[in-house]
Amino acid sequence: MADGSLSAPAPKLTPGFRASLPVLFLLVAGFLAPLVTVAAYAFATPKSFDVFRSFTLQNFAAIFDPQNTVWTSFAWALALAFCCVAILLIVCYPIAFGLNKVFGKWSGLVSVLFVFPLFVSENVRLYGWVLFFIKNGVLDGALKWFGFSGGPELLYTPGITLFGMVYVYLPFMLFPMTLGIAMIPRDLVDAARDLGAGRMMIWREVELPLAMPGILIGALLTFVLAAGAVAEAKILGGQSVITITQDIEVAFTYAQNWPLGSALALILVLIVSGLALAAMARLDLDKILGKR
Amino acid sequence: MQTVGRTRTHFLIRAWTVFVVLAIYLPIACGALAGLSKGRYFAFPVRIFSTEWWGKTLDSFEIHVLVQNSVLIALIVTVLSVLFAFFGALAFARYPWKGRRAFQRLLLLPIFFPQPVLGLALLLWFNALGISPSWKTAVVAHLVWIVPVVTLVIAIQVFSFDPVLEEAASDLGASRLFTLRTVTLPILWPGIWSGALFAFLLSWGNFPLSLYTAGADSTIPKWLYSKMVAGYTPMVPALGTMSTLTAAALLLGGGLIRLLIRRRAELRAREG
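Protein chains in written order, with the UniProt record's numbering: chain A, 1 to 292; chain B, 1 to 272.
Because the hints were derived from the structure by calculation, they are not lab data.
Just so you know, these numbers come straight off a predicted model, no measurement behind them.
Mixed in with the good hints there might be a few duds.
[Claimed, not checked] Cβ-to-Cβ under 7 Å is the rule here; a few derived chain A residues that face chain B:
no., residue
1, THR14
2, LEU26
3, VAL28
4, PHE31
5, VAL102
6, TRP106
7, LEU113
8, PRO117
9, ARG125
10, PHE132
Using N, Cα and C, we set each Cβ at its ideal position, and we do this for glycine too.
Based on the provided sequences and hints, a complete structural model is requested.
Below is the structure:
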């Protein structure tokens, strides 16, 4: 092998390909290889560690068995993720618009305020909400202090799980959306206004289509992350909802059934990556990130 | 009529943004409050404030080990991810090459991936390789997620970089290394600095990847989670607040240094 490569003239590598090699190596060894391992485990004998040595569809048969209720976890995860995206679209649009056109010199500071929570681990932030909503917590205590009978019991419900997801994934919607709105050329909006278009019409016919790539990336990113979320359901939701990632985790840890966990993970990954690849194929990253 | 409508819309947008920002920081404030109140259990309004739990947290040997682990992991992740991402960003944005489109998409995949699932997949992979999980495997796990983010941060800077400058330097007889040191690096420096800051802070605060891939070693977010699930003590919000303040101080300091670098570069450009 070594001799062959020495005697033959080495193929000329383009500078771009050479520069990509370290990252490519990392992604192959740290991202693709683990996924291949998961796929291999998914076809191994249940409750065994016979990866690459056995091939069976029993894990999938167990998941798709009508007796099995694991589909409710899938349904919860996808439904919560869908609601989370829908709410975040509405919550973030005015802020993203403001960052581009209203806040002026303040937008830098406002952006930093929205970035900073990303550096505080989500369990710390979610636990802060527990302290807010818990009995004798900030909300309950404040209402009692004002003479009310106490706060509503919101903790440990599916609704609060959704709230936690909206809270944690907000920056992942906001920033792609802001980049998307930044792609709207001002003259185009002015031209539409000069030609007599109303505000609603400008928004629908000019602004929204031009900002769509960014909005789409934001929606996709939040959907994918929310579909695999687990901390919100555990910390805030008190396991009133079992998401699919929690099922996967249980299979990997307490149940010691790695093949079943892998089969569940594989199905989730297929759903998520199918969506991600389909949307990414239609996007031009050069345009969104800088080359105008 | 039109301007009245516009001012009203702008006012509503400002009010909504302020409301959302306050909501984002509310739980962090609740944590700070709980860490500073006396007594084993939190109750609002806080009757007696005390620094008792802050003191206990600062004195705990267990917590010293956690902080050391978190700092060590974050520092190694920062250095390695900047090295990886610097070249990654050049491939992403600087050179036109055949596989660039595919490379850009592949790079985004780990970001578009639920982190807990990535952590579990890595756990399986380390096991298949016969590596027992420890803080070292957590470094690898952090890299898989953080290198793509840092690459994007640096790539944004690379997009604004004119390759003609590099070509001019080499036409004038500068060696590759000399061009890199005197032309490429100074221009990309703000992006690299931001990328390093992002790498450190994202690793410092990461919870899902550390949870599954750090094995018996613990980091600050991982320890906090284990205490949240079973065995709450006010040390949990106290340590959480300390960790948040550390991140805030780093972000502030990093931002100031970046500003200084830019000032100096502008000054130099004006003189030259």
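- Task: Against the structure, test the hints numbered earlier, and report the numbers of the ones violated in rising order.
- Result: 3, 6
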